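Residue numbers (this note's numbering), protein chains in the order written: chain A, 196 to 862; chain B, 32 to 180; chain C, 146 to 425; chain D, 24 to 170; chain E, 114 to 379.
The hints are simulated quantities; they were obtained by calculation from the structure and are not laboratory data.
Note that the coordinates shown come from a computational prediction; the quantities given were computed from them, not determined experimentally.
Accuracy of the hints is not assured; some may be wrong.
[As the list claims (entries may be wrong)] Below are the DSSO-like pairs computed for lysine-lysine, each with C-alpha atoms no more than 30 Å apart in a straight line:
no. : chain 1 : residue 1 : chain 2 : residue 2
1   : E       : Lys261    : A       : Lys804
2   : A       : Lys218    : B       : Lys38
3   : A       : Lys599    : A       : Lys451
4   : A       : Lys808    : A       : Lys331
5   : A       : Lys452    : A       : Lys463
6   : B       : Lys167    : A       : Lys723
7   : A       : Lys531    : A       : Lys275
8   : C       : Lys182    : C       : Lys282
9   : B       : Lys145    : A       : Lys592
10  : A       : Lys218    : A       : Lys275
11  : C       : Lys391    : C       : Lys412
12  : C       : Lys422    : C       : Lys353
13  : A       : Lys331    : A       : Lys820
14  : C       : Lys353    : C       : Lys213
15  : A       : Lys428    : A       : Lys531
16  : C       : Lys157    : D       : Lys107
17  : C       : Lys359    : A       : Lys543
18  : A       : Lys302    : B       : Lys168
19  : A       : Lys366    : A       : Lys428
20  : C       : Lys182    : D       : Lys100
21  : C       : Lys353    : D       : Lys91
22  : A       : Lys491    : A       : Lys451
23  : D       : Lys87     : C       : Lys157
24  : A       : Lys428    : A       : Lys713
25  : A       : Lys816    : E       : Lys361
26  : D       : Lys140    : C       : Lys359
27  : B       : Lys38     : A       : Lys721
28  : B       : Lys167    : E       : Lys261
29  : C       : Lys239    : D       : Lys91
30  : A       : Lys531    : A       : Lys331
[Claimed, not checked] Computed from the model, here is a short list of chain B residues facing chain A with C-beta under 7 Å:
no. : residue
31  : Thr55
32  : Ser64
33  : Cys73
34  : Gly75
35  : Pro100
36  : Asn101
37  : Thr106
38  : Ser107
39  : Pro162
Every residue, glycine too, gets a C-beta built ideally from N, C-alpha and C.
Here is how the chains run, residue by residue.
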Amino acid sequence: MSKIGVFVCHCGENISATVDCAKVAETVGNYDGVAFSVDYTYMCSDPGQNLIKSAIKEKGLTGVVVASCSPRMHEPTFRKACAEAGLNPFMCEMANLREHCSWVHDKGEATTEKAIDLVRILVEKVKYNHSLNDIKVPVTKTALVIGGGIAGIQASLDIANTGHKVILIEKDPSIGGHMSQLSETFPTLDCSQCILTPRMVEVAQHPNITLYTYAELESLEGFIGNFKAKIRKKSKSLDEKLCTGCGLCTTKCPVKKIPSEFNEGLGKRTAIYVPFPQAIPNKPVIDRINCTYYIKGKCKVCEIVCPTKAIRFDQEDEIVEAEVGAIVISTGFTVKQPDFFPEYGYGKYPDVITGLQFERLASASGPTLGEIRRPSDGKVPEKIVFLACAGSRDPAKGIPYCSKICCMYIAKHAMLYQHKVHGGKSYVFYMDIRAGGKMYEEFVRRAIEDDGVNYVRGRVSRIYEKNGKLIVSGADTLLNAMPVEIEADMVVLATAGVANEGAEELAQKLHISYDPYKFFAEAHPKLKPVETNTAGIFLAGACQAPRDIPESVAMASGAAVKVAGLFSQDELTREPIIAVVNRQAAPVYSSCVGCFLCVSACPYQAIEKEEIKNRNGEVIKSMAKVNPGLCQGCGTCVAFCRTKSIDIQGYTHEQMYTEVMALLNEY
Amino acid sequence: MAEFEPKIVAFVCNWCTYAGADLTGTSRIKYASNVRIVRFPCTGRIDYMLLLKAFDEGADGIIVSGCHPNDCHYTSGNFHARRRWIMFRSLCDFTGIDTERIKFSWVSAAEGAKWADIVNATVASVRELGPYSEYKKVAKYPEREVSHG
Amino acid sequence: MTLGLYPGCSLKGSSREYAESVITVAKAFNINLEEIKDWNCCGATAAHNMNKELSLALPARILSLAEKQGLKEIVVPCAACYSRLTMTKYELAKDPELKAAVTDANGLEYTGSVNVLNIIQMLDKYITPNLDGRVIKPFDHRVACYYGCLLVRPHEILKFDREEDPQSMDVLMLKAGATPIDWAFKTECCGAGLSVSRTSSVGRLSGKIIGDAKDRGAEAVIVACPMCHSNLDMRRDAINSYLGEKIDIPVLYITQAIGLALDLDRKALGLQRHFVKVTV
Amino acid sequence: MDYPPSVIMRMLQTGIPNLEDKVLRSFSIWVCLTCEMCFARCPMSIDIPKMMDFLREKSINEKKANPKAKEIVAFHKSFLDSIKYTGRLYEIGLFVDYKARTLKILDDLALAPKMMKRGKLNLIPEMIKDRSGIASIFRKSNKKNKN
Amino acid sequence: MVDLIKRAKELIESSAVKVVIGYENGTGNRTRALFVEKTEDADKLIFDSRCIQNLAAYVTKREVKDKGKMAIAATLPVMRSIIQLASEFQVNDNNLLVLGITPESKLIEFENLVEVETFVHQYQIEIDARNKEMLDRLDNMTKAERWKFWIDELAPCFKCYACRAACPMCYCHRCTVDFNQPQWIPVPSHELGNLEWHIMRAIHLTGRCIDCDACYNACPLYIPINLLTKKMMLDAREHFGGYQPALKGEHLMSTYKPDDKENFIQ
């Protein structure tokens, strides 16, 4: 007869506000098999867990049901407590009274009735629980970092410095990400290239890091500790070993009019190009869409001038297979383009630019070598207007969230403008200034007080062009919404930070979930910000939500330590929730009849054929066998098998059957 | 007689709909309390016989819900489930079992509100259909004493 | 081919020329415009400023009469009436109780099956397809196409053209041989209902519109709404006093401009009724 | 415009009765032309024009219309009277009734002959047949609020 | 079938096969299965229009299988069953030799199962007119009528499991209906027990049944249980393009297409 302990939690008053916990504990106490039933205010607290431990020891409990919050939250906590008290952790189950009952129903008889049902289901299930032990799985101690921005660079360096191998893949021809496009960085105004390039060089020279640029993830199989990644190294039309990076080809290439992605379309680049001077690796790539050779089959100037004959026109994409144990995603974000804003002219006015484009204007390696000049006629703008919240905090346009970094980089832009254009006047239209980081608020005050930037509290309603000037019409809500009209020479929109173009496809390749805005979803917003719901895959930087450099770096180091933690043990212990094909004595050996139709049902190819041979080697019987290393415990084969000979530990046929029975039969 | 309160069983997958129901809880969205959730690792694990057992034991409605296609944590659990549901549902329809009482849906971990809507809609539609008396009539063996001990 | 017509009060009174030009152009493309029998005023701004139910009942009555007359589709040249009729269809479709209250007030059956077109939608649907061959005297002037506020907004409900920088009239005028200019007051309000009760505001608002058109060298302003026309044309002296200079850019209806391009008779288009002489 | 739209929204948002009263007595709710520009550009999609309609109706019903808006209210009332009696707008009737209410005899007087010359002013009103239908509309929709 | 007898004798004498499975005259002008192990038994082999029993049911039974290599006189339905069994690894070339009897009742011997498969794929599985008409009648009924139809039709069933014995696809040595830990299908043959048993049978045959009507012929009460499997076959054809037994084919129910169509999942 099983002796089950039931522990009903008040969760402060999150549960007891609408569920009569005492009644639940008391009713369940009389069920067969329940030896101990009590309710307590905070089961997850230390006294709560000690209550469980002491009950197990004193009452000799064979099973525990904790009726509190979602098992997704505290199942590990209570299972660890049971283990410490000597009870096998898998004899402990949780009934979700908080998220599924007390928080979603009003106080009343029906709610307590439902709570009792939920506990009864789990009590009946526990009677069929078996004690299980963790599965040991080998760990490949190599990490894969997707995305070579500052987050990816930091994560790669941190992991590599713990002595493990790292494979860093970057979609663009060079690592550096958006940070390499910035001029100076807030709040200290130190030049972004100066603090970034040493790190990029360190990545290139680090013995533990293998760097694949102009490469994307093709596919991913396997599971934590045993991922198999296929990486597509897009053809650079160049033999990287021979190329010395002299840059002769990039100067001689006749096609010079392609808008440079690195300069956000302001500068021009050649067909064979190095994105920016400090690029790592400092080797060119041929843009096959615009290169005349690939369009008309003629030209080949680069091949002719190349001193080391490194050009390979017919170089194919290469698929590299890599066995990795953990993955850090740091693919970053992008900014909305002006054509998204009807009020500001549907992107018609060339002098209405995005924050990133202003960065390129202000950057010494930019198209204007650091001078602030208008894209339309190259004149230095006398009056410049910055618009905060251009697209962000705008539910009408489908982006309700705040992009977090714009207030800061607007203050920086205004400051840079005032420093570079003496006598220039700059305005900032804002709703609220969000400068919450260390030395952030002081930075914005400096822009206002020392550099004389006019902050106008209000939203710009419309921008239109009139005889060469951009008329910015808005209102100043601190002056009783007095209309404000500024004849500006240039307007900078701090557009919303949004997810990258291919973010959704990448998430589906990696089987991780993503939010409605295509940013990747963290396992828990507060307690597991760097993990995803898929074990072994971690997040770093702005791919999870718009984020500034300090936070991206901190998050990258966080993800790195998670990977290091994973690699610190030789074997990975995995939850024993896996499928098992039953075995019986000879001559039947198993109820499985060896039809092997389940093999095609298994997404992880975890089911193999096992043959029983007699003494002279003849196959008497062939049956299915599950490889514990590969099986992830999805149970698709279990529900498929006709003879029900395969079962999944933790969700066995008997357990699910009794759950349904207990659910519908009050005692 | 008091208004008919249907008994609804919900078979949900742990990674998406169960998490979605958690989100409904954390966002404090109220919904009908007729539903009891049974957690499965994946919709692929939901066995059609459990649906029949649920009707046997007096359930008036069933919700079966899991991850959206392409979102399954195990890649293809929901695809296999969908194919089984298509065939099982047409067999039930063919034998006269009331498939209006079985609501199939995809609810992701971010769709807390959708879960509340699905529950409320199912409870309302089953309440309108009334108790599943035909099935209860054929399952008329006495209230079994269920303790397996 | 017949098409329902809801003229509205101003097309019978202070903007007769608009009605004349619509009918003349329609006749030129042998479209017979059948007026809704016993139509009533849509209530314009006065109704919805003062009494919500009245502002829905009056347009609902018009739509019921059109349904009774068997009309599937009606053209409503006046942008204000078009806005009132479309908003009423939207509100009544959304709120069954309101619909019941309005049907009871009208005492007429209302299903909301009539398709309501504004003048540009009618032109695009029935006239533009076979306009190319018919342009004899291209209207080659620099024109500023003025849409006013009720033709494109509220955009989620009307779903007509683009919200900020509409192009449908510009495209039409291009086909008629004109050169539409890019200007900044396409959808700013002209002062509408305050024309009589607060003419100073009209002077200011319409003044800005005409001022911008002049600065950009427009030789004519093209409108698609009698209320905008009366403010920009009849109130020209208020505009001149606001701008401090006399501006004689004529204001034409889109149908008049197209009529001229088709070389139709100027009197039939009612060009002689304008306050600002039509020099084009 | 004594209170701009954003200030009116804030006053209503607070729910303080005397602020609501100030809004009903304000002049700006009468100057609003419901041109829908604010609704088109509001990031929170607040339907300000519809609220202005509501506020005007409430202001009239509670007899709190701002005296400065006398002409505007008078114009709307005269406009509706003309519809009530003829089913359509009779411009001359509108002008006469408006002048009677506001005693602004001289305004736009010079306009009448110019309009006459251009045939824009009908002397005899166009009556619709089913005037009783229109009357019942006005009666029923005034049931709830006295005009 | 003289050449069948001759061939059977040769096979037994040369002990190329240990047993030849065919038909023989049974009692009351009916036929029954014959297991020829000695050359003289071969004379009893017959073949005519009365031989409709699906002999493939025997190739998976230990009593026959353990004798050694088998040969089987296989009409078209039997051949389809054999291909399906082969795809489920129950039979293979070294434990079964197929003596094919074509619909024109001509004897062809197949070298291996691949040849049998190509032969079988020449014919499409067709549901005969009478059953088609019955299925259409059922489809036009309302849900309540169908429920009543099946409860009444299945009521006489006393769970003799003859249908399970006759079906070549039911070769599992522990059938789930015999499960009692937990009791999936109610044991008594009351309305519920019968309904759930026949639903389980139909689900387990989805994508495997080759419509040979052995279950219907075996049922002592002539309950139209084959309508269930025919309905599943038509559904499979409608939703997923149908299936043909194939050695290397994808099994219908354990594979999926990402764009399977349905209109009931919200």
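Unsatisfied constraints (hint numbers, rising): 1, 3, 6, 7, 8, 14, 18, 23, 27, 29, 30, 35, 39
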